[in-house]
Every structure is written in C-alpha cells, then in structure tokens.
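If you're matching them up, the sequences are chains L and H in order. Under the working numbering, think of the first position of the first sequence as 4, with each following residue one higher. Under the working numbering, think of the first position of the second sequence as 427, with each following residue one higher.
In short, the hints are calculated from the structure, not lab data. Since we're looking at a predicted model, the values are computed, not measured. Some hints could be false.
To be verified - When the alpha-carbon atoms are kept at most 25 Å apart in a straight line, the in silico SDA-like pairs for lysine to any residue are as follows:
#, chain 1, residue 1, chain 2, residue 2
1, H, K523, L, P24
2, L, K100, H, K515
3, L, K133, L, H71
4, L, K63, H, L495
5, H, K515, L, L73
6, L, K54, L, R91
7, L, K150, H, I489
8, L, K29, L, H71
9, L, K93, H, K515
10, H, K515, L, E65
11, L, K133, H, R492
12, L, K63, H, R488
13, L, K29, H, P530
14, L, K134, H, I489
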Amino acid sequence: MGYFPGYDHLPHKEWVDSTPPPDNVKDVPEVGATSAVLTSASFALGAHCQKYNDDFMACKSENDDPAHCLQEGARVTRCSIDLMTKLREKCRTELTKHWNCLELNNHELFYCRQEEAPLNQCIFQNFGYKKEIPGAPKDEVPVFEKKSRYFGNARYTF
Amino acid sequence: MTSFVQDVGGEGKYPTIRYQRYLPRKGPSGAVLFAGLLSVIGFGMYHHIQSRKELRELRRERIWSRLHLVPLLQAELDRDIYRREQGMKAREAEIMKDVPGWQPGKSVYHTDRYIRPMVPLVLPEED
C-alpha cells in the first residue's frame with residue numbers, strides 16, 4: 004500500500020476493514036477470476052447470465068442502495084461461477100491461450116484474433132452461444148471475423 | 427509613273443522570324459496529373475474511412491465486453507460495500523450507545539434516496 008493523499012487523518016497501516024460478512028451474504032462465493040479471464044469470457048457471460056444480469060441492473064436502477072439488490076447480485080455471481088466452471092471443463096486450453104494472449108497484449112481483443120477463433124468455436128459447440136456485438140452493422144462481417152484488417156497483428160493490411 | 431523594284435531581300439536572304447515559343451513537352455499533362463492526384467487521394471481516403479469503420483467496431487466490441495461484466499463486478503462490490511456499511515453501523519452504535527434516541531446508520535440527508543457516504547472508509551481506532 005502506498006501513500007494516499009488526503010488521508011493523513013486516517014493514519015492506518017493496513018487499509019483492510021476486517022468486519023466479517025453479514026449473515027445474508029456470508030455464503031455467497033466469489034468468482035475469483037482475474038480481469039483477463041473475465042474479458043476473455045465476457046461475451047459468453049453476457050449470453051449465459053443475461054436474465055440475471057438484466058434483473059440485477061433493473062434492480063440497481065430502481066434503487067442504488069447496495070443492500071437493496073443483494074439477492075439479485077448473488078444470483079449473478081452464482082451464474083457467473085457456473086459458466087466459469089463449465090468453461091474450465093470444456094474449453095480450458097482455448098480459454099487459457101486466449102487470456103494469456105490478452106495478458107501480453109494490454110487486454111486488447113484485436114491482438115488475439117488467432118486465439119479467439121478456437122475459443123468462440125468451442126463455446127458455440129459446447130454451449131451454443133454465438134458471439135454477437137449488440138448494435139454492430141448487420142450486413143457486414145463481424146469485426147472479430149474479418150480476414151483483412153487494419154488493427155492488430157494483421158499480416159496483410161490491404 | 428515609273429516602275430521600281432523595292433530593295434528587299436530575295437528568296438532565302440532573310441529567314442522567317444520565329445515568334446512562337448518552342449519548348450519541348452515535359453511530363454504528363456495537367457489533366458493526367460489531376461486525375462493521378464485524385465486517384466491517390468481516393469485510395470488513401472477509402473482505406474482511411476474503412477479503418478475508421480473498423481476502429482468503431484473495435485471500440486463497440488471493447489465497450490460491450492466490459493458491459494457484460496458490469497453486473498458481476500457491481501454485485502461483488504455491492505456485497506463489499508454492504509459489509510463495510512454494516513461494520514461502520516456497528517461501530518457507530520458502539521460509540522453512540524450512551525446517547526438516547528440515536529439511530530445508528532441513519533442517513534444525514536432528508537431523502538429516501540440512497541446516497542453514497544462522502545467518507546469512503548471509516549476505520550476503527552488503532553490499538
């Protein structure tokens with residue numbers, strides 16, 4: 004922990020609040036995945052947990068209090084853990100390759116198209132989720148399937 | 427009337443005066459240059475516009491890859507904030523237990539809306 008400007012009035016060594024979790028959220032597990040893994044699985048997560056995610060966000064827009072949407076949030080977390088577990092079973096090698104590539108490439112998806120294609124294929128075969136970007140033009144090739152591209156590690160730009 | 431012959435040079439005595447500029451044609455014509463310029467600019471602009479379109483889609487992809495994660499991250503954060511707020515409430519109740527009529531954790535604002543605490547973290551005193 005470094006120096007926090009503006010918090011000289013709280014001269015604590017360790018910035019950890021050691022309050023144990025209250026009883027109603029005590030049993031909710033954590034996803035425990037790092038950002039690259041989550042980025043890698045994000046579109047599958049969006050497809051797998053869409054119902055719970057929409058429910059949670061609707062609840063949040065209703066009331067911003069953290070105590071208001073604990074149940075919906077727990078459902079979102081459980082659904083995400085469910086998908087991550089299944090992904091680990093089914094698409095472990097593809098996912099590992101892709102998120103390692105993301106780690107090395109500043110978490111930019113367009114540097115890792117070569118690794119992404121097998122992952123998308125695996126997810127589609129095992130779960131039936133096709134990667135779709137909402138709002139993208141319908142009549143064009145999706146940006147993650149383009150053969151000739153301008154950005155990323157493109158061998159032929161033109 | 428006497429006939430006379432004017433004293434001018436005969437055939438071949440004086441050469442005809444060349445009054446036209448005679449410059450060799452160098453390079454392609456203006457129209458060709460203009461067309462070439464337009465084609466180069468067109469090539470560049472086409473690929474520029476295509477790359478901007480691709481960049482737009484890449485940004486859309488990046489934004490959506492984050493948006494799909496928002497509920498998951500927000501749910502975890504909410505649980506943590508809830509835990510901290512409960513802890514702060516317990517500490518406040520412990521400190522203010524001698525004051526009659528004190529409601530620990532009561533909002534200081536005259537509204538039902540939830541307002542995030544201005545002080546993000548109130549820690550217990552160090553031993």
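Verification of the supplied hints:
| no. | hint | in the structure |
| --- | --- | --- |
| 1 | H:K523 with L:P24 | holds, 23 Å |
| 2 | L:K100 with H:K515 | violated, 46 Å |
| 3 | L:K133 with L:H71 | violated, 33 Å |
| 4 | L:K63 with H:L495 | holds, 15 Å |
| 5 | H:K515 with L:L73 | holds, 18 Å |
| 6 | L:K54 with L:R91 | holds, 22 Å |
| 7 | L:K150 with H:I489 | holds, 22 Å |
| 8 | L:K29 with L:H71 | holds, 16 Å |
| 9 | L:K93 with H:K515 | violated, 45 Å |
| 10 | H:K515 with L:E65 | holds, 24 Å |
| 11 | L:K133 with H:R492 | holds, 17 Å |
| 12 | L:K63 with H:R488 | holds, 23 Å |
| 13 | L:K29 with H:P530 | holds, 22 Å |
| 14 | L:K134 with H:I489 | holds, 14 Å |
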